[in-house]
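Novice: Each chain is listed here by its residues.
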Amino acid sequence: MSVLATNYLTPTGREEAWRFTPLNRLAGLHDGTSTTVERKSLALKGDLQPGVRASRISRELVPSVSESSDAIVARVHSEVEDVFVLDIADDTHLADAVHLFRSAGGSDGAELSQVRINVGANSTASVVVENSGSAILGEDIEIVLAPGAHLTFITLQEWANDSIHTARHHAILDRDSTFKSVTITVGGSLVRLLPTVEFTGPGSFADLSGVYFATAGQHLEHRIHIDHGVPKAKSRVNYKGALSGEGAHTVWIGDVFIRAAAEGTDTYELNRNLLLSDGARADSVPNLEIETGEIVGAGHASTTGRFDDEQLFYLMSRGIPVDEARRLVVRGFFAEIISHIEDEEIQERLMVRIDSELEKVGQ
Amino acid sequence: MSTLEIRGLEVSVITDKGAIEILKGVDLTIRSGETHAIMGPNGSGKSTLAYSIAGHPKYTVTGGSVILDGADVLAMKVDERAKAGLFLAMQYPVEVPGVSVSNFLRTAATALRGEAPKLRTWVGEVKAAMNALNMDPGFSERNVNEGFSGGEKKRHEIMQLELLRPKIAILDETDSGLDVDALRIVSEGVNRAKAANDLGVLLITHYTRILRYIKPDFVHVFANGHIVEEGGPELADKLEEKGYAEYVGS
Ligand SMILES: Nc1ncnc2c1ncn2[C@@H]1O[C@H](COP(=O)(O)OP(=O)(O)OP(=O)(O)O)[C@@H](O)[C@H]1O
Ligand SMILES: [Mg+2]
Chain A
87 MSVLATNYLT PTGREEAWRF TPLNRLAGLH DGTSTTVERK SLALKGDLQP
137 GVRASRISRE LVPSVSESSD AIVARVHSEV EDVFVLDIAD DTHLADAVHL
187 FRSAGGSDGA ELSQVRINVG ANSTASVVVE NSGSAILGED IEIVLAPGAH
237 LTFITLQEWA NDSIHTARHH AILDRDSTFK SVTITVGGSL VRLLPTVEFT
287 GPGSFADLSG VYFATAGQHL EHRIHIDHGV PKAKSRVNYK GALSGEGAHT
337 VWIGDVFIRA AAEGTDTYEL NRNLLLSDGA RADSVPNLEI ETGEIVGAGH
387 ASTTGRFDDE QLFYLMSRGI PVDEARRLVV RGFFAEIISH IEDEEIQERL
437 MVRIDSELEK VGQ
Chain B
2 MSTLEIRGLE VSVITDKGAI EILKGVDLTI RSGETHAIMG PNGSGKSTLA
52 YSIAGHPKYT VTGGSVILDG ADVLAMKVDE RAKAGLFLAM QYPVEVPGVS
102 VSNFLRTAAT ALRGEAPKLR TWVGEVKAAM NALNMDPGFS ERNVNEGFSG
152 GEKKRHEIMQ LELLRPKIAI LDETDSGLDV DALRIVSEGV NRAKAANDLG
202 VLLITHYTRI LRYIKPDFVH VFANGHIVEE GGPELADKLE EKGYAEYVGS
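The listed protein sequences derive, respectively, from chains A and B.
Numbering of the first sequence is given in our numbering, commencing with residue 87 and proceeding in unit increments.
Numbering of the second sequence is given in our numbering, commencing with residue 2 and proceeding in unit increments.
If you are wondering where the hints come from, they were derived from the structure by calculation, not from laboratory data.
Being a predicted model, the structure only gives us computed values, none of them experimental.
Just so it is clear, CB atoms sit at the ideal spot from N, CA and C, and this is done for glycine as well.
Any given hint could be a false lead.
Cross-link-like lysine-lysine pairs, in silico, DSS-like; alpha carbons within 30 Å at most [what the hints assert, rightly or not]:
| id | chain 1 | residue 1 | chain 2 | residue 2 |
| --- | --- | --- | --- | --- |
| 1 | B | 25 | B | 216 |
| 2 | B | 25 | B | 119 |
| 3 | B | 18 | B | 78 |
| 4 | A | 446 | B | 78 |
| 5 | B | 59 | A | 446 |
| 6 | A | 266 | A | 131 |
| 7 | B | 84 | B | 119 |
| 8 | B | 84 | A | 446 |
| 9 | B | 216 | B | 243 |
Selected chain A positions facing chain B (in silico; Cβ < 10 Å) [as the list claims (entries may be wrong)]:
| id | residue |
| --- | --- |
| 10 | 395 |
| 11 | 401 |
| 12 | 402 |
| 13 | 410 |
| 14 | 411 |
| 15 | 417 |
| 16 | 420 |
| 17 | 425 |
| 18 | 427 |
| 19 | 429 |
Please build the complete structure, drawing on both the sequences and the hints.
Specialist: Structure (structure tokens):
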């Protein structure tokens, strides 16, 4: 065990990036007062498919390939012993998803973890990261897509309700690559995710979607940041959240930057929140900064609303009881994103989880 | 044999400026097999009557009663009213994003019949109902009313009427927005439901055209929140010719 050093700018809560986060519930991840444990909870499930390699490599040999102003990410970069590296070779087309599991099982100390996913040129792959159990976790996942690479990246935050999890999911997209992410956050006491995208080559496409459901006392935060620094890249963001119960709090930030060089950019971001009870709060802040007018399109929308009584009435007028009608409407709300997950077992598991979150609403 | 008795029904909507009284004492009795047409000017309260019977939360009943076969409809929740045998084909059917027609129909049929219909016969039943209304089978996989044209929404309502087999149905301007052929097809659907289940029908309309297909036994003129005249089918022709001038205002 070692005490984290405090050689980074420690957030105070006044910073724009931290103003929504209850720092006192971060268990010292942000200011170094937490003790770290030597736990390496991430593991690969199943056999390796041809063209896939998973290894732990000493940090010195796998330096970070991106910058971050986030204090916890910076700490991960300087503290971890080794990096979990997943390599997918060039010209590989994986038949099955690569499953990574993190079953943390311990909140006796904080785990810091760095992950690198390299997707080779002209390869097609899916990676699923499943998080469950109790944990205090500071994580950084860097994803590097070579020219022509296509990656579907699914993360499931199905944590136990005492877990604390901060993570950056940083994707770097080279020419003609596609990065499709689905971020699901339903568990945890405090989850703060930074899905960030950096384009390094034209013709690339980032498609970020997410689902979150916060019940009483949960703080679930997603801060998206997309940096269009090269011409002719495209990005889409679509996150949907539901909230219920006293103190349920969600934060969605969508920062999109279109730099002067990024002519031909096409971007649209969307966040919708469904408030299922009083006492819950959804913050939703889309933000677009544009330095060139030579773009295909740029837009955003954000809505936060209550249950649609008309929809409930319509369903109930056909004999459907109120609980079932609510379940249909909420499932329907999320279906747009969940039905696109190319894994039926995960789809069904999530719908069941949403049903059970919903059952807490009436109580 | 079912009877829906509406007695002295008074209904208000609550607004920022207080309650506004819309229904001012409606009396009407509908029995199995009977078809009652209600005609009346815009804003007279016809949809309010329809929604109040179905239990829409927007409307507050301030007086009167609605009894179906001895049971107090106003004391029932919305789904219970459907289970008791009431059906409302809405003037503006609601879109329900992310919920497929097939899932919706099966959930409704399961709730109303008390058990899930056998999958094989059910699929056939839905197909036949769609077919009869000239609906593309692809509608099954679309979300409820989402992106449906006006006429498609109305066909979808009548398809539900046929599948869910109520005792008494209220059709709120089901004919509005239908082209000539669709009007005939939809009317045939209503007549099939009448024949199959001895359905009682309360048909709200602005036009006599639909009454050529669905023959009313009684015609009621609705104005200013209540029924102002009653008669047989000939009353509809008179209204078409002379309008509502003698019933409203002055
Ligand atoms: N929230 C509200 N505030 C004020 N007035 C309302 C409200 N809701 C309904 N009304 C009024 O109630 C009256 C009756 O409406 P209703 O929809 O029942 O009429 P209708 O007879 O069905 O008309 P139409 O033939 O146009 O369909 C209308 O004048 C309408 O403006
Ligand atoms: Mg109306």
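Novice: Would you list, in rising numerical order, the hints stated earlier that this structure does not obey?
Specialist: 2, 18, 19
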